[in-house]
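The listed protein sequences correspond, in order, to chains R and D. The letter at position 7 of the first sequence is residue 187 when you use my numbering, and the numbering goes up by one with no holes. The letter at position 355 of the second sequence is residue 357 when you use my numbering, and the numbering goes up by one with no holes.
By construction, these hints were calculated from the structure, which means they are not laboratory data. It is possible that part of the hints are untrue.
[As the list claims (entries may be wrong)] Label pairs and their in silico Cβ distance ranges: (1) 406/D <-> 403/R: 51 to 57 Å; (2) 366/D <-> 403/R: 44 to 50 Å; (3) 372/D <-> 235/R: 41 to 47 Å; (4) 403/R <-> 369/D: 43 to 49 Å.
[As the list claims (entries may be wrong)] Output of the computed footprint for chain R on chain D, the stretches with three or more beta carbons under 8 Å from beta carbons of chain R: (5) 334-346; (6) 356-362.
Backbone N, C-alpha and C fix where the C-beta goes; we use that ideal spot for every residue, glycine too.
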Amino acid sequence: MTTTEPPAQLVLDLGHRPALGRADFLVSQCNAEAVAWIDRWPDWPAPGLVIWGPAASGKSHLGQVWQARIAAPMISAADLDNREPPDLAGDLGAVYFDGADGIVGNPTRQRAALHVYNLIAEQGGKILFSARTPPGRWRIELADLHSRLNALPAVAIAPPDDAVLGAVLLKLFADRQLHVGVAVIQFAVTRMERSFEAAERLVTALDTAALASQRRVTIPLLREVLPHIGSAGHSDELP
Amino acid sequence: MTEQWEHADTTLVEQWTRIRAQLRAEVGDAAFNSWLKPLTLGEMLGDRLRIAVPTRFMRDWIEENYGNRLTEFWQEENANVAQVEIIVEPIRATVPAPGGPPRSPIGQRHDGDIASMSGAFEHANTGNAVTTDPEDVRALLDQRFVFKNFIVGRTNELAHAAARRVAESDGVPFNPLFLFGGVGLGKTHLMHAIAWHITERDPSRRVLYMSAEKFMYQFIRALRFRTTMDFKEQFRSVHILMIDDIQFICGKDSTQEEFFHTFNALVDQNRQIVVSADKSPSDLDGMEERLRSRLGCGLVADIHPADYELRLGILQDKAEQLGARMPDKVLEFLAHKITSNVRELEGALNRIVAQSTLVGRPVTLETTQEILRDLLRANDRRVTIEEIQKRVAEHFNIRLADMHSARRARAVARPRQVAMYLAKQLTARSLPEIGRKFGGRDHTTVMHAVRKVDELRAMDNSFNEDVELLKRMLEI
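Only chain R is shown next, with the shape it has when bound in the complex (with noise of 0.2 Å):
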């Protein structure tokens, strides 16, 4: 390392294990409730409850907890295309839907999916969904599914405030084993968007530039790459 300006190293996304435990999800005035209806299964009032957020928000971590604690399979929209609903349903009352918003605009995984709910509600078992957005805002062409779907209670996990913004740059950071001072944190809660998905591009690109040019997550890291980070293309938007 005799250059001054050493050439930016190439750094191999070897990917990281975020902590997917229940101790580890990070409880905030934006996902109390979600986390309180998790809480309080099996005690809900219909077959299926429906946690929705933005992108990057806990949904599908939320939905893991979930299916770990009471071992349900996990089944996603691509599955309806290829395995029968009764194999889908399985035999223990329970499954998490993750991302069941791919549904949308599919009559066929719509089909497959009213049946998997009626499979499961026929033995008092319940379904947990994930998605994006309520269902009482997804274009289903199958009636009978989307009106089950809108009696569902459906929880919103809402974009964070500063408090969540910063804990979860924390965990974050955490997750890839990054050590950030607080002033850090302070510095990129007061001049990012206020989003889950932008907390993630951040994060993945202060490590990579982290790594790149082999310095520490410092203020002056961050000013280089704030700028570049871009914004969610729904920032507006609220649940």
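Given the coordinates of chain R, assemble chain D onto it according to the supplied hints.
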């Protein structure tokens, strides 16, 4: 292998039913359901009684943990039994014969209760044996779906009267009873109510309820596993067959064909059939003509969307059932707003009750609107900074241009701060970006505005109400 099951005598079956009940009482529901429920009764070979389990693992487990008790129970019940032998018998037909003639002890029903095939299906893929416990079967019907809970109004009185008639009649008043109407209006409720009523009145009558879709899946399965005889058998032995949402077999020719034969066989035996659909028989596109005409030859009763009175009546009744104190205003609001169908109406009420219990808040019109925001508003409003500036400018009667201007007079500076505050609260924009939209101000200026407005809200009640009002106007 089939003969093995055919000669099982009814005494053994009755003894087995008692033993199962004893086992359940002894080991508890959880263990029973996991391990003992899948056991099926086999035959007597000399003094050995055979019990079948679907997998080797289960056999080992049951021998290890329950073997002795099983033998003891059998010895108490039947002096001829010296030994209980547990054998591995992969599921023959995963379709149980609900209450069929005493030829098959698998899933045999002796209480004449409502049988359903769902068990077969759910277990089909896991290879577990299937039995249809009376408890299981009852669990398939919604307990709330009884006649008592069906609120009758102008729009559903015909369907209700017809369903009552079928449920209360000893004969077959009309065949089939065809109930149709839009989604979530109570067709399934009426069918379940018929099933509950009949089985409570006369437990010897066998009722089979299933969705058309399940009929189809079961039929396809039976074809695949060459068990169509069992499939047919289970239908031909019921007194009342109820098929929900028949529209789901439209366009499925072979399933329709099979259903047509089942239908005819039951009608010939003077058994009652109840069918529901989302349309009248003549409007069922993709349904064979001969089946359509059969479906329409009994009584066709439609359910119309509930009118306001009925919606309100349903809500009042439901709230009472839930033991929830709901202000009239809230019920009226719901009855006005949620007009699509009864299912969604009840779902909304459930949500409000559950949510308010959860957070320990009384139900008010405001909390109701808040909880049902996702249903009542077709779209998330995207509050933009521009919109906030416009509203705030109108509210304080200043020019929109002053939002961007450098003027510092309090008459314009305060509204501008309020707008910055709301932009911070209601959008996800970063402080620097908010600053830019207010005439290129620094992000620290925005931070100062946010702090200032927070302070003023805490000190000045009328100012606080002003801001709150603006916020709500922008959010709705």
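- Is it true that residue 366/D and residue 403/R lie within 44 to 50 Å of each other by Cβ? 48 Å, holds
- Is the gap between the beta carbons of residue 406/D and residue 403/R within 51 to 57 Å? 26 Å, violated
- Task: Apply the coverage criterion to the stretch 334-346 of chain D and chain R: a residue qualifies when its Cβ sits closer than 8 Å to a Cβ of the chain, and three qualifying residues are needed.
- Result: holds (count 4)
- Item | Pairwise beta carbon distance, residue 403/R to residue 369/D, judged against the given window 43 to 49 Å | 44 Å, holds
- According to a criterion of three or more residues whose C-beta lies within less than 8 Å of a C-beta of chain R, is the stretch 356-362 of chain D covered? Since three or more residues must qualify, the claim that chain R covers the stretch 356-362 of chain D holds, with 4 doing so at under 8 Å.
- Is 41 to 47 Å right for how far apart the beta carbons of residue 372/D and residue 235/R are? 24 Å, violated
Hint check: violations occur at hints 1, 3; the rest are consistent with the structure.
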